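Place chain B on chain A using the hints.
Chains A and B supply the protein sequences, listed in that same order. Residue numbering for the first sequence follows the working numbering, beginning at 3 and increasing consecutively. Residue numbering for the second sequence follows the working numbering, beginning at 3 and increasing consecutively.
Any given hint could be a false lead.
[As the list claims (entries may be wrong)] Derived DSS-like pairs (lysine-lysine); straight-line CA-CA distance at most 25 Å:
#1 A:K343 - A:K429
#2 B:K80 - A:K140
#3 B:K222 - A:K80
#4 A:K253 - A:K299
#5 B:K343 - A:K299
#6 A:K299 - B:K140
#7 B:K222 - B:K80
#8 A:K253 - B:K253
#9 B:K343 - B:K253
#10 B:K429 - A:K140
#11 B:K140 - B:K80
#12 B:K299 - B:K253
#13 B:K140 - A:K429
Bear in mind the hints are in silico, worked out from the structure with no lab data behind them. Quick caveat: nothing in here was measured; it's all calculated off a predicted structure.
There are 2 protein chains.
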Amino acid sequence: MVSSNTETVPAAARKAASLPRNIQISNLSNGMTIVTDRMDHLESAALGVWVKAGARDELPTEHGIAHLLEHMAFKGTKNRTARDIATQIENVGGDVNAATSAETTSFYARVLKNDVPLAIDILSDILNHSTFETAELKREQHVILQEIGAAQDSPEDVVFDNFQSACFSNQALGRPIMGTPETVSSFDADNLRSYLSDHYHGPNMVLSASGAVDHDAIVKMAESRFSEFGSTLPREPEACCYTGGEIRQQKDLMEAQIVLGFEGRAYHARDFYASQVLATLMGGGMSSRLFQEVREKRGLCYSVYSFHWGFSDTGVFGIHAATEDADIPELIPVLLEEIRKSGKQIEQEELDRARAQIGAGLMMSMESPASRSAQIARQILLFGRPISNEELMERLSALTVERLRDLADRLFTESMPTIAAIGPIAKLPGLADIAGQLGTRVPEAAQ
Amino acid sequence: MVSSNTETVPAAARKAASLPRNIQISNLSNGMTIVTDRMDHLESAALGVWVKAGARDELPTEHGIAHLLEHMAFKGTKNRTARDIATQIENVGGDVNAATSAETTSFYARVLKNDVPLAIDILSDILNHSTFETAELKREQHVILQEIGAAQDSPEDVVFDNFQSACFSNQALGRPIMGTPETVSSFDADNLRSYLSDHYHGPNMVLSASGAVDHDAIVKMAESRFSEFGSTLPREPEACCYTGGEIRQQKDLMEAQIVLGFEGRAYHARDFYASQVLATLMGGGMSSRLFQEVREKRGLCYSVYSFHWGFSDTGVFGIHAATEDADIPELIPVLLEEIRKSGKQIEQEELDRARAQIGAGLMMSMESPASRSAQIARQILLFGRPISNEELMERLSALTVERLRDLADRLFTESMPTIAAIGPIAKLPGLADIAGQLGTRVPEAAQ
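If we strip away everything but chain A, and leave its shape as in the complex, we get (with noise of 0.2 Å):
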């Protein structure tokens, strides 16, 4: 099975780098982007506004204040109502929703074809002329409390927000989104329109538009919409560094949800594609090695899978799985051994199927309008322009099994490991313990 090397860059691949895009880009006097997208059959468009600020942007003090912004801009503007806000957009059968991240804040439409302008209108207004009126506020922080309530009932929510603690500690980029309810609870009209003002600049923002869209058009409204917003870049976040690190909670229930991570890459990094590559083949489907030796051989869990994260400046690469209190002897020995085999042997058939499978989901997510617009976005915000398929194919094509080896021979074995965990979770190996099976070479492993 293995290609020869005309053949690396697997049909899938090859086919999404062919794509035609129709892109176009303009700017405003402020700095914002605008681009478009335009595919020609639809009759419907997705689009929206991508900020680059997020949970990580926030001061110590202000934890949770983006998540509440993303829910305050909802709640009335200088002309409308929470009330017109919904009905206006749903009278028309569209959808408006918004997004908090750790780098990035969203706020996305999808719409048909003739309902564009009110989109674009009703995006601008919600972020240019928001109340933050009292009695709204004060019914919103309660409306996050219970949404802080839900996830905290959630082993899977509380596993994964415990991970990126320990994975960050003590900085921003650690901090659960939502804030917790005493700061949600502190923060005041002032505190948002500060966060507003500071955060949200022209550099920092994208109108991104995929589907039956006119660029001419939506550059015209948005000049007139959004040229308020500042025309400097706002200050960076504090650069972030991984720590690794362990939580763990004991609690009676079925399963223990067990998260075991690694320093990944940020997006800028010569290996960012290759750790995507390599999450792809130790746990991204069915064929993967985590899914194929620990569910199909053994048995062990249901869910068993792989993930890789970029951040501007780190990573963080993951495994997650759920079992039963009694197979976490079996489960732990096997994860740390598939890890410890992929820094010696990859081979050729794994990689050309990793590549197709990211050629091919590539390939798909070009086919919806509510993707385009949101990996636009993303691209102009990390990278400054759309990578185009053909520059991601060329990314991918020129990995090789070597570089994979040697990039999973490092990625786990020279950061201290992560280890979060609920659950019954007795029979869970410590830190000290999963780090010293896995020959980790920081000096803390020998603690």
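Relative to the frame of chain A, chain B by itself:
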């Protein structure tokens, strides 16, 4: 905001109705339907086999076998090991998965254009030639025990399983789809073969493919690969009838998860579409009554929405809300008041908006091959033919506010309510109290 009669079908709905589709239908000699839906601009396809047999077709001694069969379909055939199935589809960047519901089991794949034959070959192989080898079966039963355990750790999963059980007490439709650890562990290969040969018959099966597909080529492949299934119509499952009832579970959680339900309408019922519209305007989006009253005006919940599920011979209308202990005494009267109000006042504006939302949702789903293939397959299994968008829109446009008010008045009072709740629920009123407050007109309400 009252629309004139000619405008009661909103633009989104009219647009959906006018979309052309290239649907072609053939039947194998055993009665299996082959349906294709060509989308000329796509480079990929979504396809699968939908079977009108699910958890409710199980005998009491077979509880969980439909779902176990869905898992075992991927564990090896006469021609392929479990690993072959996974690697062959992922080598070309495709994926394959399956799902079991109360009335349907589906096996589906997403692939690039040229890999449609491979996908059909794999789907037919796993349905025709699975070996159910003993060691594989033992392992997969253990995997399902982990899946059941994780669901039991999720309060939302638990409350919805309990809700379904309370709606259909002591009936197949009320049992959790995954089965219990005891029943799942009890099945052997013969049980699986006998369930398969009893329920997977041509007249009950649809091969549905949307996207970059060629009808004649697919029919030709299907003829040689799906003709072995029986040609008689399998026995119908026992009729189910909504009972209503209550399952409460006091538990130390941050949030109380509450589902309140009523008898809904079967797919073929006159009021099926009216019930869908009622669910949309009651709690289907940000502008809905429940979202506006419960979350926007009062800040009581993060999650509050309503839903309507149709089945062949019955249906369920439900409202889900999660809130903390202290808010339950305010939440419940508000929910009950919104329910009572809907029987008296529904405005034309709300009906128009719900229709626009459903119409636009339909139009956007037309842009996804996965949505289209699933929708067409389900319509053929339920109605014997694909339902055109025109026909769906005609049914929506025939609705009036009077008819919706009348439906709401009946739907919320003519059946015993159902309550499922888990968490800190001491302050939640009992079933008889809630039935009394709603003016439930069934004899049991007086108990």
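request  = Give me the numbers of the hints this structure contradicts, sorted from smallest to largest.
outcome  = Numbers 2, 3, 4, 5, 9 and 12, in rising order.
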